[in-house]
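Number of protein chains: 6
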Amino acid sequence: MDTAALYERGLELRRKLFGADAVQRRMDALGEFGAPLQHVINAYVYGDVWSRPGLPNKSRSLAMLGITAAINRPQEFRVHVRGAIANGCTQDEVREVLLLVAMYCGVPASIEAHRIALEVFQEQAAAGG
Amino acid sequence: MDTAALYERGLELRRKLFGADAVQRRMDALGEFGAPLQHVINAYVYGDVWSRPGLPNKSRSLAMLGITAAINRPQEFRVHVRGAIANGCTQDEVREVLLLVAMYCGVPASIEAHRIALEVFQEQAAAGG
Amino acid sequence: MDTAALYERGLELRRKLFGADAVQRRMDALGEFGAPLQHVINAYVYGDVWSRPGLPNKSRSLAMLGITAAINRPQEFRVHVRGAIANGCTQDEVREVLLLVAMYCGVPASIEAHRIALEVFQEQAAAGG
Amino acid sequence: MDTAALYERGLELRRKLFGADAVQRRMDALGEFGAPLQHVINAYVYGDVWSRPGLPNKSRSLAMLGITAAINRPQEFRVHVRGAIANGCTQDEVREVLLLVAMYCGVPASIEAHRIALEVFQEQAAAGG
Amino acid sequence: MDTAALYERGLELRRKLFGADAVQRRMDALGEFGAPLQHVINAYVYGDVWSRPGLPNKSRSLAMLGITAAINRPQEFRVHVRGAIANGCTQDEVREVLLLVAMYCGVPASIEAHRIALEVFQEQAAAGG
Amino acid sequence: MDTAALYERGLELRRKLFGADAVQRRMDALGEFGAPLQHVINAYVYGDVWSRPGLPNKSRSLAMLGITAAINRPQEFRVHVRGAIANGCTQDEVREVLLLVAMYCGVPASIEAHRIALEVFQEQAAAGG
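If you read the protein sequences in the order shown, they are chains U, B, C, H, A and V. Mapping to my numbering: the first sequence position 31 is 649, numbers consecutive. Mapping to my numbering: the second sequence position 80 is 698, numbers consecutive. Mapping to my numbering: the third sequence position 5 is 623, numbers consecutive. Mapping to my numbering: the fourth sequence position 8 is 626, numbers consecutive. Mapping to my numbering: the fifth sequence position 128 is 746, numbers consecutive. Mapping to my numbering: the sixth sequence position 81 is 699, numbers consecutive.
The following block holds chain U by itself, in its conformation from the complex:
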């Protein structure tokens, strides 16, 4: 498959999961300097890995909550809470993953993840989401 086609497919999926405006802001923020990284993200991460059959994206999102909380990357965790909601995860389902995080990564990781998840829920409620 051509990487330009992967890029387009991935960018479309990112826009669907996180909102076209938010994705554009993230891409603009890194400008020319970040273009090769955006290629990695659009073509390889979303155009290839996230676009594979074999697992519903809701399940991918639940795994992503655990992964991004575990690696201590709060900005990325925030992005994937939004993606989880877009993929149909409920607040209760998000919480169950974060309780696993408390047990397997320690309570500090889970406290921070709870705080961010709650901010996303409130921001979406405020937006009528």
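Worth flagging that the hints you see were computed from the coordinates, not collected in a lab. Don't take every hint at face value.
If chains are identical, the list can't say which one is meant, so a pair holds when it fits in one copy or spans any two.
In silico SDA-like pairs for lysine to any residue, Cα to Cα no more than 20 Å straight-line [as the list claims (entries may be wrong)]:
no., residue 1, residue 2
1, Lys676, Asp710
2, Lys676, Gln709
3, Lys676, Asn705
Knowing the structure of chain U, use the given hints to seat chains B, C, H, A and V on it.
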């Protein structure tokens, strides 16, 4: 709820997920010294968190694969590949989580997780599992 | 032991270590969504593990400074500097642990821990603490 | 660019850096299950990122020693010591990076990296390398 | 060698790499409490390790970008982007290391590192740097 | 202070904590290649940081158990269990720190630390220690 009841409920769930023999071996290995930690694992991790409604255990297992690969704890990852199979995850589903791990935790984390998952699959095939 | 009793015992200890107001703010911040995690923290972390005999809480606090600096969770490190002071640790004792952190976790972990510890010392001095 | 061409270019580079036999063994070890991950490694990691102009591969190798020591992945560190030698790094240059690792990641990370690097040097000396 | 001489040599090198004002601010920020840590940094990190022959400081800087991105210490990464520029690294060279970070530490580590690197580039352009 | 004097003081302390034979084996294992790292360990880690007044070495050891378990370096954790015993820590005190590790770093970190601590206890019992 009494913590003794939580302990029993959790121990029963562990046995169902990982096999009674394997759990007994793991508990015996740490002996008297490890008794308080086994209490944490049986009562709090499995008797409370894993026993909550709100998420099917198959989804918990998929998240656990991502979490234990991300935190770089290969022994624990191995345990949770077995749990994932007991909870009905297919090899394809396991692999999809490990491809997310490659993208979000880096390829070395995913290479090691692939190697361990494959060993578990082969061991279960050899056991007629 | 009943988990409700563990919860009460742990909540009381948290209030003693970190101040009743600070604990209430932290619990309120996560609301209903965070109630199961607060149960983990109050009943299991403080009601069980921190309430065990076998180690003076001052020694627990010194270990906690090392642990929370090592896991790169600055908010939690800040909480445990306050707890260390409440448990009778001096500024010199805090610093000795942070110099071990420099050697075993690398200087960047120690620089950040120094900065936060100093903020807590100054905040407590300003409060007449 | 077509991903099949990226894959071929990356596989060729991997063989050059790590030896055709070693790469084949690593690919065989993960079999069918690991084919999508090998695609990520060959096409994206080596066919794209490592094949970019803009930095000599010797400099990439020196950075890789620091990265793989820092992320606590000893198998991958070992692979990249071999790659560093293939890219022209001397033992002294390898050591200088590992002394930075001692200072910025802590001495335990550097002790383990020293041990592995020394094993690779001895293995290559034994092979007349 | 006397540690006071190491300290002076290291402090001089830090000033050359990061600017005398920035180093002074960092040292003042930690005051008396931080004096032993500053001794570690000046005498051991810069006076010894960074002052060794055997690797050009430009190569050290490229490795440091990978190391500080990998260990998830954004403040320290920012410092070492400045050091990399002072040691003659170009923006393209910085980027190549950050693309390795994406592949070996995961894309979230690289996104954050890109964002910080870009801020440093813009701050230096604004200062006529 | 002269770094050669720091080195001698640190080497003497290492021998006292871990046994002269064990230290010699560790130093021999890394040979000429590891001499600069051994200088860091002997002069800076043990000759300076561990030799400072301000904290009893028993307290340092308890903090070290938490730190080395948290950073996921099992070989180093093993060394510091031996050091903790030499510094007068009891098995119960070691266990209390490892239960904190379970809560703040997650149960997998604590399971591995329990396993290693128990091996050290048994090895010392076998040696009549």
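Results of checking the hints against the structure:
1. Lys676 to Asp710: The answer is both: 14 Å in one copy and 16 Å across copies each meet 20 Å.
2. Lys676 to Gln709: So Lys676 and Gln709 pass the 20 Å test inside a copy (13 Å) and across (18 Å) alike.
3. Lys676 to Asn705: both (5 Å within a copy, 17 Å between copies)
Consistency note: the structure conflicts with none of the earlier hints.
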